[in-house]
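Colleague: Chains as they are written, first to last, in this note's numbering: chain X, 1 to 283; chain Y, 1001 to 1325; chain S, 2001 to 2323.
Keep in mind that the hints were calculated from the coordinates and are not lab data. There may be inaccurate statements among the hints.
Examples of chain X residues toward chain S, derived with CB under 7 Å [claimed, not checked]: (1) Arg173; (2) Asp177; (3) Arg180; (4) Gly183; (5) Tyr184.
Label-pair restraints from in silico Cβ distances [said to hold, decoys possible]: (6) Thr2018(S) to Pro1036(Y): 44 to 50 Å; (7) Arg1122(Y) to Gly2144(S): 17 to 23 Å; (8) Pro1294(Y) to Gly2323(S): 42 to 48 Å; (9) Pro1241(Y) to Arg2309(S): 44 to 50 Å; (10) Lys2130(S) to Ser185(X): 19 to 25 Å; (11) Thr2018(S) to Ser1255(Y): 46 to 52 Å; (12) Ser1031(Y) to Gly2144(S): 34 to 40 Å; (13) Lys2130(S) to Leu144(X): 45 to 51 Å.
Short, incomplete list of chain Y residues facing chain S, as computed with Cβ under 10 Å [said to hold, decoys possible]: (14) Ser1046; (15) Phe1099; (16) Leu1188; (17) Ala1198; (18) Val1220; (19) Ala1259; (20) Ile1264; (21) Pro1274; (22) Gly1275.
Even glycine gets a Cβ: it sits at the ideal position worked out from N, Cα and C.
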Amino acid sequence: MSAVTQPRNTVLSRALRTPGLAIGVVIVVVMIAAAVFAPWISPYDPDDQDVMLVLVGPESGHLLGTDAFGRDVLSRILWGARISLTVGFLSTAVGVAVGTAIGIVAGYYGGLVDRLVVAATDVLLSFPQLIMGLLLVAVLGASLTNLVIAIAVTAAPAFVRLARGSTMAMRERDFVDACRSLGYSDVRIMFLHVLPNILDELVVMASLWLAAAIRTESTLAFIGLSVPPPTATWGGIVREGFDNLLDGPWLALFPSLAILAVMIGLNLIGDGLRDATDPRAPQ
Amino acid sequence: MTDAAVPLVVEGMTTSIRLQGRLHHVVRDMSFVIRPRETLALVGESGCGKSMTALSVMGLLPPAASITAGRVLVDGVDLVGADEATRESLRGDRLGMIFQEPMTSLNPVLPIGFQVGEALMRHRGLSKRQAREKARELLELVRVPAAAERLDAYPHQFSGGMRQRVMIALALACRLRVLIADEPTTALDVTIQAQVLALVADLQRCEGLGVLLITHNLGVVASVAQRVMVMYGGDVVESAPVAAFFARPTHPYSSALLAAMPRIEGGSQLQPIPGQVPPLGDMPDGCRFRSRCPLAHERCAALPPMTPVAGDPDHLVRCWARSDA
Amino acid sequence: MNATPLLDVRGLKKVFVTRKGWPIPKVAQVRALDGVSFTVGRGEVLGVVGESGCGKSTVARVALRLSEADGGSIDFDGADVLAASKLDLRQLRRRMQMIFQDPASSLDRRQRIVDAVGEPLLVHGLATRKTVRDEVARLIDEVGLPGSALDRYPHEFSGGQRQRIGIARALALRPDLIFADEPVSALDVSVQAQILELLGRIRRERGLSFVFISHDLGVVRYFCDRVVVMYLGRVVEEGPVPEIFVEPLHPYTRLLKVSSPEPDPARAVTMTFQEGEPPSPVDPPSGCHFHPRCPKANACCRESRPQLREVSPGRSVACHYPG
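Please put together the full structure from these sequences, using the hints given.
Modeller: Structural data, given as structure tokens:
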């Protein structure tokens, strides 16, 4: 009778039974922990140069080797995680919040507001994400704040679109009308009633976009448009490693593996959540 | 009973469904026959097993469910033990089914004429041109206006009543002997419902069709059926010719259903049935209606047999309190 | 009936415009309400009857301003509903409530019952955080649900119980008038009778007025005092129960009556064949909308629209040849 409606606890219990999701969570949690505890667990100061030990391969003392300035690669990756993950999480959070708010308003009111929002979204979505980020950073200048803004702007349109569509689907059901006839304000209906009901889909998509945001940050750092050196970021370390690819291949390899692991982790989480919240999935 | 003149015979059929590792009987010990030109109505509320009965007969049960006892004879051939090929051919050829929402049973991207024609080509081996011609005839038979022009129309261009007619035409594309109609008019307006029911009755007369009509609406039963079976919780609780049933509803559930139905002609009193149908896992032993029955008694813990009402072998009831009299 | 009605609807119009196609869209107009007038007295239950597409649900939506009217007037207890400001509208909505056909879709599936029914009380300041639970418990009890229902979610209830929750929520604001849009159509007969009985009891105890929208003549006959019959956006007949069903004056009302199946083999529904598809509301027939399906139609019916006129006290019909 009520098999279609999905209470929260079954979503949660289904989620926990999905092995991919669990693996993804472990990977991402380990990465976050590494970033948070970098000051305590990294064996060296990431900016300390040891001119006697330049481009040393992985060995005791320097687990992942040193770079062209004699800096410890493991320490730089751990510290770099702080910047890369912070930029990723912050920009996704801003993008999701702004995009969702605009999308719900557009879907709820419809009409002219909606048509303008849809047009603007279509224009923004027609730019490749990277070019968009590149243009914005180039215009705003490379700093942590601007980086977050630039990546958030690339993420927002997708959430506008998702939130708008889901809100319109909600309006098809009687319950928005029921709320209006009970005299609730529009703001209350949009953010206390519609939002919680479309949150599932937003969270799924946010986890996938988080991966994209971290990738964008790394790419921008790789072409030198992220936080300026010597501050370590993953993309930046790869870039430096690239210059010494023949003398020290580990330099580019290890940060790339870190990026890859986070991508895999976040995508596993996203797919797992999607399966867990999909009402059509077999019980 | 393997009389070829009786196109559909169901004997002692039990259908069970496995939910969370437990086996539940959703239809218990069901027996009936459908004769040519006869309409048997299967009545009951949601969850009583009437749709499961139809799906069992059609062999369209969901994977978790299966027929666990009894026989389903179509033209004398038992479908329960038969191999897939036999079942397939009988199902498509002799049994047809129409559903409540015709839109979901029609392919939205193919023209109507093509869909009806396809069935004709498959079941009657007609050529493409013959099939189109015959499809037009069938649409005219089910009274689709301007049938020739509408062969190339798509399902969404038809109204609900017209779609149901197309479904009937599709069912008729085979050499159908029994039509199973599961709430065929529930989604339709009353004036359209009357048209569709009239159409089915008319086809029965000319084509000799037997109909198993599944409905929750006793008014529809009174209008079109010759026999009626009332179901509750997977059991048939009363089986009778329509006139006898409405003159003398005998099972407490049957009379309660009739008393709960508001009527256009007078009667300002309604008698709701207290409580609700228990969930599958929570059905009482014995008579499943006893948790809501005003006549419930200790002996109802054992399932009563079907017994004749007042010596009438055609009017059977499954109730201890009502069979003693 | 008192001299001034509680709700007075006059010449209500609503046009839906659909645009399809690109770059030059094809515009279609559907006159969902084409000059609809009726009144609801204090404590009266008015039935609105008709088939899908006749505009009966639109009446409720427009009266509650869930959708804006394109003409006409609605007077609720002396207040002009269509001209009401946002602030006035909040007060009006408190006094006019709605019960929906499908409570599963009108309840927020993430809200527990105590929150769903309590929220309107809090929003309108009729209860405080402290008192709201008791208040909701009283309402839940009034609609016949156990107190244990308070902390459960909508999906844990059956259809009939969910409809009780919908009713409790509508009652929370102590309205004077309730629009009930097919409130029992999705329910099984035995449960339908339970809900009808509940609505009848609430009506008596609270002295409520209802606009009861339904396609089921039996249900309307049971619950309503007076009925308007709608066909393609217009009122075609109006009159008290049971007279309107005993002796319908409009041919459409008569068709509805003979088509409605009754549980009595002696009164099998009359099968009518003369008609094909019912006319589309996008392109309604000229003159009297019903003329293509009417056995009595003549040239006059095809050309001129019959006005709703009183033919005997309390009974009106829009037909050139009534009776």
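Colleague: Taking the earlier hints as the rules, which of them does this structure contradict?
Modeller: Violated hints: 7 and 15; rest satisfied.
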